[in-house]
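Enquirer: Here is what each chain is made of, one letter per residue.
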Amino acid sequence: MLGDVVVAGLLIAGVALELFCVLGVAVMRGPLDRLHYTGPAGVGALLIAGAILAREGFSLIANKGLLVAAFFLVTTPLLTHITARAARLRERGQLDIPPPEGPAEP
Amino acid sequence: MNEWIVAAVVLLIAAMLPLGLTCLLSDAIEGVVALSLAGVVATLVLLLLAEGFHRQPFVDLAVALAVMSFIGSVAFVRFLEGEL
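Chains as they are written, first to last, in my numbering: chain A, 3 to 108; chain B, 4 to 87.
Just so you know, these hints were derived from the structure itself, not from any lab. Errors might be hidden in some of the hints.
Computed far set for chain A versus chain B, every beta-carbon distance over 10 Å [unchecked claim]:
hint, residue
1, VAL7
2, PHE60
3, GLY67
4, PRO101
Simulated restraints, written as ranges between beta carbons of each label pair [said to hold, decoys possible]:
hint, chain 1, residue 1, chain 2, residue 2, range
5, A, HIS38, B, MET4, 26 to 36 Å
6, A, GLY5, B, ARG81, 44 to 54 Å
7, A, GLN96, B, VAL12, 41 to 51 Å
8, B, GLY85, A, HIS38, 19 to 29 Å
9, A, ARG92, B, PRO60, 32 to 42 Å
10, B, GLN59, A, LEU97, 36 to 46 Å
11, B, MET19, A, LEU4, 40 to 50 Å
12, A, ILE14, B, ASP63, 18 to 28 Å
13, A, PRO102, B, VAL9, 48 to 58 Å
14, B, GLY23, A, LEU75, 23 to 33 Å
The structure presented is a predicted model; accordingly, all values stated were derived computationally and were not measured. Positions of the beta carbon are idealized from the N, C-alpha and C atoms, including for glycine.
Please build the complete structure, drawing on both the sequences and the hints.
Expert: Structure follows, in structure tokens:
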């Protein structure tokens, strides 16, 4: 009984977190604003894998689910970083911030 | 139809449609953002289907899709960056 509640809670939380990410990516404007909402997707994958683990224990499906969740937890921030880098390069043509133009020194 | 299949169908409909529209209607780099999230969602749908139907090959598909969607997204980003 308690196990069913835990499984349902983890499953609903995982799906709701994924839908929240999708809503953020669909509604926001601009690549950097959208990128903020891709980060929690790995946590949603971990919640869903946890639901499978709570139901079945360490079965083959649960183990590979945990593997997929760990993979997303590692690669999602990496992908966010390189996408933000590409967005900045496309927007400004360079990564570095140019120094401000001050008055000429005597 | 158990709760795992319901969750998979909900994710498939409520997540893939907005992400597909974002890919179609937005700038290229914003489409890549939506594409990378769609890869995560598709992998989780396969994972949920594997649990719902108790079919272990679906989990292998999910593992393969996770790796391939990451590689595909990196390739798209590098292409848009001008490196490829």
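Enquirer: State the violated hints by number, sorted upward, taking the hints as numbered earlier in the document.
Expert: 3, 11
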